[in-house]
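K.L.:
So in the numbering used here the end of the sequence shown lands on 112, straight run, no missing numbers.
Note that these hints are calculated values from the structure, not bench results.
From the three backbone atoms N, C-alpha and C, an ideal C-beta is built for every residue, glycine too.
Check each hint, because a few of them may be wrong.
Beta-carbon label-pair distances, calculated as ranges [what the hints assert, rightly or not]:
| # | residue 1 | residue 2 | range |
| --- | --- | --- | --- |
| 1 | 89 | 69 | 27 to 37 Å |
| 2 | 107 | 55 | 17 to 27 Å |
| 3 | 91 | 64 | 18 to 28 Å |
| 4 | 98 | 56 | 18 to 28 Å |
| 5 | 64 | 102 | 18 to 28 Å |
| 6 | 77 | 102 | 16 to 26 Å |
Derived DSSO-like pairs: lysine-lysine, alpha-carbon spacing no greater than 30 Å straight-line [unchecked claim]:
| # | residue 1 | residue 2 |
| --- | --- | --- |
| 7 | 94 | 105 |
| 8 | 41 | 105 |
| 9 | 41 | 94 |
| 10 | 48 | 105 |
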Amino acid sequence: VNPNILRMGGIFGNMNHSSETPFRKLPRLPDIKYSGTTDKNGEITLQNIPASTRFLDVEHSHFQLPVDDQYKDRTVRFSLTPGATKTLGLTLQPIGKDFLGTSQ
């Protein structure tokens, strides 16, 4: 889960083609990622994630998230509100069950 949304490329957004020249030399914030490992019940708790829309990637050597029909990737998108607890129920599938980039 990557919370680094404050300065995605700079405090004014992507500054590659920008006239904010004095701000171009600002150091980027580190790419902080919240991560963890599930327990024996397959549950994980991540605390103090800033509120906003987030992305979640799941990595496992034998399982993967199903392909998202809308975005055609294996990323979970969700929103967090201040002070709220969010529960996501994810079902993984064996790697190789479906493929990205193939025509069906």
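K.L.:
Now tell me if each hint is right for this structure.
P.N.:
Comparing the hints with the structure gives:
A hinted range of 27 to 37 Å holds for the C-beta pair residue 89 and residue 69, which are about 34 Å apart. Checking the proposed 17 to 27 Å range against residue 107 and residue 55 shows it is violated: the Cβ atoms sit about 35 Å from each other. Roughly 20 Å separates the CB atoms of residue 91 and residue 64, a value that falls within the hinted 18 to 28 Å. For residue 98 and residue 56, the Cβ-Cβ distance of about 21 Å falls inside the hinted range of 18 to 28 Å, so the restraint holds.
Here the CB-CB span from residue 64 to residue 102 is close to 20 Å, well matched to the stated 18 to 28 Å. A beta carbon spacing of about 19 Å between residue 77 and residue 102 agrees with the range 16 to 26 Å that was offered as a hint. Proximity of residue 94 to residue 105 is assessed by CA-CA distance (about 28 Å); at most 30 Å being required, the pair is judged to hold. As the CA atoms of residue 41 and residue 105 are separated by approximately 28 Å, the hinted pair is consistent with the 30 Å bound.
For the hint linking residue 41 to residue 94, the alpha-carbon distance of about 18 Å falls within 30 Å, and the restraint holds. Taking the CA atoms of residue 48 and residue 105, the gap is near 24 Å; set against the 30 Å cutoff, the hint holds.
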